[in-house]
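Asks: So the chains spell out like this:
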Amino acid sequence: MDWTILIYKTIFLFIILLVTLLVAMYSTYGERKVAAFMQDRRGPNRAGPFGLLQPLADGVKMFMKEEIIPLSANRVLFILGPSIAMTTALLTGVVIPWGGIITIGGREFSLQIADLNIGILYVFAMVSIGVYGIMIGGWASNNKYALYGAIRAASQMISYELAMGMSIVALVITTGSLSLHEIVAQQHGMNWNIFYQPLGFLIFLTCAFAETNRAPFDLPECETELVGGYHTEYSSMKLGFYLFAEYINMFISSAVIATLYFGGYNMPFIDQLGLPQNVVTLLGTMFFFLKIFGMIFLFMWIRWTLPRFRYDQLMNLGWKGLIPLAIFNILATGIYYYFTELS
Amino acid sequence: MIFLFFLLSAVMVVSALFVVFSKNPVNNVIYLIVCFIAMAGHYILLNAQFLAVVHLIVYTGAIMVLFLFVIMLLNLNKAIIPQKSKTTRIMAVITGGLFFLVLLAATRQTFEILPRYPFTSTIGLVKEIGKTLFNDFLLPFEMSSVLFISAMVGAVMFGKKDDAV
Chain A
1 MDWTILIYKT
11 IFLFIILLVT
21 LLVAMYSTYG
31 ERKVAAFMQD
41 RRGPNRAGPF
51 GLLQPLADGV
61 KMFMKEEIIP
71 LSANRVLFIL
81 GPSIAMTTAL
91 LTGVVIPWGG
101 IITIGGREFS
111 LQIADLNIGI
121 LYVFAMVSIG
131 VYGIMIGGWA
141 SNNKYALYGA
151 IRAASQMISY
161 ELAMGMSIVA
171 LVITTGSLSL
181 HEIVAQQHGM
191 NWNIFYQPLG
201 FLIFLTCAFA
211 ETNRAPFDLP
221 ECETELVGGY
231 HTEYSSMKLG
241 FYLFAEYINM
251 FISSAVIATL
261 YFGGYNMPFI
271 DQLGLPQNVV
281 TLLGTMFFFL
291 KIFGMIFLFM
301 WIRWTLPRFR
311 YDQLMNLGWK
321 GLIPLAIFNI
331 LATGIYYYFT
341 ELS
Chain B
1 MIFLFFLLSA
11 VMVVSALFVV
21 FSKNPVNNVI
31 YLIVCFIAMA
41 GHYILLNAQF
51 LAVVHLIVYT
61 GAIMVLFLFV
71 IMLLNLNKAI
81 IPQKSKTTRI
91 MAVITGGLFF
101 LVLLAATRQT
111 FEILPRYPFT
121 STIGLVKEIG
131 KTLFNDFLLP
141 FEMSSVLFIS
151 AMVGAVMFGK
161 KDDAV
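First to last, the protein sequences are chains A and B.
The working numbering puts the first residue of the first sequence at 1, with every later residue one more than the last.
The working numbering puts the first residue of the second sequence at 1, with every later residue one more than the last.
Simulated from the structure, these hints should not be mistaken for laboratory data.
Certain hints may be false.
As the list claims (entries may be wrong) - Here are the simulated SDA-like cross-link-like pairs (lysine to any residue), alpha carbons at most 20 Å apart as the crow flies:
{"no.": "1", "chain 1": "B", "residue 1": "Lys160", "chain 2": "A", "residue 2": "Pro324"}
{"no.": "2", "chain 1": "A", "residue 1": "Lys144", "chain 2": "B", "residue 2": "Val70"}
{"no.": "3", "chain 1": "B", "residue 1": "Lys161", "chain 2": "A", "residue 2": "Met315"}
{"no.": "4", "chain 1": "B", "residue 1": "Lys131", "chain 2": "A", "residue 2": "Ser179"}
{"no.": "5", "chain 1": "A", "residue 1": "Lys65", "chain 2": "A", "residue 2": "Met237"}
{"no.": "6", "chain 1": "A", "residue 1": "Lys144", "chain 2": "B", "residue 2": "Ile71"}
{"no.": "7", "chain 1": "B", "residue 1": "Lys161", "chain 2": "A", "residue 2": "Gln313"}
As the list claims (entries may be wrong) - Anything over 10 Å on all C-beta distances counts as not near chain A; from chain B, calculated:
{"no.": "8", "residue": "Ser15"}
{"no.": "9", "residue": "Ala16"}
{"no.": "10", "residue": "Cys35"}
{"no.": "11", "residue": "Thr95"}
{"no.": "12", "residue": "Thr107"}
{"no.": "13", "residue": "Thr132"}
{"no.": "14", "residue": "Lys160"}
Just so you know, even glycine gets a beta-carbon here, dropped at the ideal spot from N, CA and C.
With the hints as constraints, model all of the structure from the sequences given.
Replies: Given below as structure tokens:
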């Protein structure tokens with residue numbers, strides 16, 4: 001066992017964890033500012049300069065609230081629900097390549113925690129386990145609104161997972177690899193996958209919205225019909241975990257989209273600048289985060305622009321719209337590569 | 001490695017026992033999920049990462065969600081499960097045990113199990129699985145996909161309302 005690598009990986013793991021939590025925290029602030037901008041308001045501006053301390057104030061408020069577990073709820077599962085939601089949301093960041101290679105004292109350190117050769121599928125597995133957080137929480141609350149919310153969430157996520165998986169299949173045909181490191185390395189410069197898989201990107205983006213339960217697909221927590229959806233009975237920090245998990249999911253899916261379709265940490269014209277490798281890596285990581293923030297802004301922009309779908313519209317879009325489109329995309333990609341690779 | 005193996009095995013056996021002995025159907029499903037996750041861990045120990053992840057996606061992420069779905073919708077609880085009398089249960093245990101003994105005795109020395117393909121550390125990786133599936137087992141692979149398609153069509157037909165057919 002190489003101790004330097006072990007210590008480095010542990011420290012890096014904690015940094016990624018902190019960054020994820022920090023970005024998720026300020027996404028809540030960002031969301032409220034974006035919403036305010038769209039609706040011609042000011043948004044949070046009391047706590048600290050420009051309201052920058054608002055997320056902290058919200059966090060403290062969440063901790064101070066009374067912790068309520070309903071008498072008729074299943075206690076163990078009631079606590080298990082938000083824990084699963086939070087854990088699976090945080091686990092996905094492990095396989096994302098946050099940057100290239102940094103050389104310190106003649107040793108090379110990769111800015112990726114684990115380069116699995118099935119990286120995409122790992123992300124996918126975590127997403128599919130994440131359903132349990134919502135389902136178990138909703139069922140254990142012993143409340144009909146919560147149960148409705150949970151069932152909606154589960155059926156929505158299962159339906160959109162199919163189309164998402166198929167859009168990934170087309171991407172895998174293009175790249176020839178399941179490893180996220182490999183996929184990013186192939187998109188060096190401006191060789192981004194979005195130019196090869198525009199349809200796949202649109203399908204993946206739509207499914208990402210549905211998987212994170214974000215508007216216009218936020219039916220599991222549709223206030224007009226279901227009070228609060230699957231977290232109706234939750235209070236205090238357990239509610240905070242659910243809400244926070246949603247923002248972490250948004251950050252991680254933005255990172256996955258940036259990795260798969262927008263070249264990850266690759267920058268255009270980086271080779272022409274002739275910078276040392278460490279600087280290139282750091283610039284790349286910054287550029288990667290810029291892409292992620294752009295995607296997060298898109299998430300918020302759409303939330304405050306589009307109205308919510310009706311439930312049957314959501315299912316129709318998933319099963320009759322996106323899945324046939326994704327199958328067509330696989331076929332088209334397959335046929336294209338069959339003929340170009342052969343000749 | 002050996003420590004991980006025993007840890008995963010212990011988790012698997014204990015959760016599998018809870019699947020059988022737990023009275024609450026939702027708890028049963030959750031223990032089965034734990035069991036499946038431990039099984040995925042075993043696949044990873046065998047360096048079969050692809051199998052592990054597919055196992056997680058398909059069994060843990062899709063099939064068990066459907067199980068949980070059905071149990072939640074039907075709201076099953078103890079009262080619905082039929083209770084057999086004590087004598088029936090004892091008889092069932094004895095006959096089941098005897099049947100197991102007979103099976104064990106019959107199969108113990110009839111044939112020797114030899115692996116057709118020797119184990120290599122890369123056997124569970126995507127490339128190897130793809131090559132094996134599409135070279136050696138192409139026909140069974142295609143047949144099973146046809147089976148899946150027909151099952152899907154059947155499910156859609158069942159789901160359709162009568163007047164829409």
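Asks: With d taken as the least Cβ-Cβ distance between alanine 16 of chain B and chain A, does d exceed 10 Å?
Replies: About 19 Å separates alanine 16 of chain B from the closest Cβ of chain A, which puts it past 10 Å; holds.
Asks: Taking only the CA atoms, is the gap from lysine 161 of chain B to methionine 315 of chain A under or equal to 20 Å?
Replies: holds (17 Å)
Asks: When you look at the beta carbon of threonine 132 of chain B, is every beta carbon of chain A farther off than 10 Å?
Replies: Non-interface label on threonine 132 of chain B holds, nearest chain A Cβ at 16 Å vs cutoff 10 Å.
Asks: Can we trust that lysine 160 of chain B is non-interface, i.e. its beta-carbon lies farther than 10 Å from all of chain A?
Replies: holds (13 Å)
Asks: For the pair we were handed, lysine 65 of chain A and methionine 237 of chain A, check the Cα-Cα distance against 20 Å.
Replies: Given that 20 Å is the threshold and the Cα spacing comes to 8 Å, the pair holds.
Asks: Closest CB-CB distance from serine 15 of chain B to chain A, is it above 10 Å?
Replies: holds (14 Å)
Asks: Hey, does threonine 95 of chain B actually stay past 10 Å from chain A on C-beta?
Replies: holds (36 Å)
Asks: Between the alpha carbons of lysine 144 of chain A and valine 70 of chain B, is the straight-line distance 20 Å or under?
Replies: holds (16 Å)
Asks: Do the alpha carbons of lysine 160 of chain B and proline 324 of chain A lie within 20 Å of each other, as the hint requires?
Replies: Answer holds: lysine 160 of chain B to proline 324 of chain A is near 19 Å, not above 20 Å.
Asks: Hey, lysine 131 of chain B versus serine 179 of chain A, does the alpha-carbon distance stay inside 20 Å?
Replies: Since the Cα atoms of lysine 131 of chain B and serine 179 of chain A sit roughly 18 Å apart, the hinted pair holds (cutoff 20 Å).
Asks: Check whether the Cα positions of lysine 161 of chain B and glutamine 313 of chain A lie no farther apart than 20 Å.
Replies: holds (18 Å)
Asks: Minimum C-beta separation from cysteine 35 of chain B to chain A exceeding 10 Å: can you confirm that?
Replies: holds (14 Å)
Of the numbered hints listed earlier, not one is contradicted by the structure.
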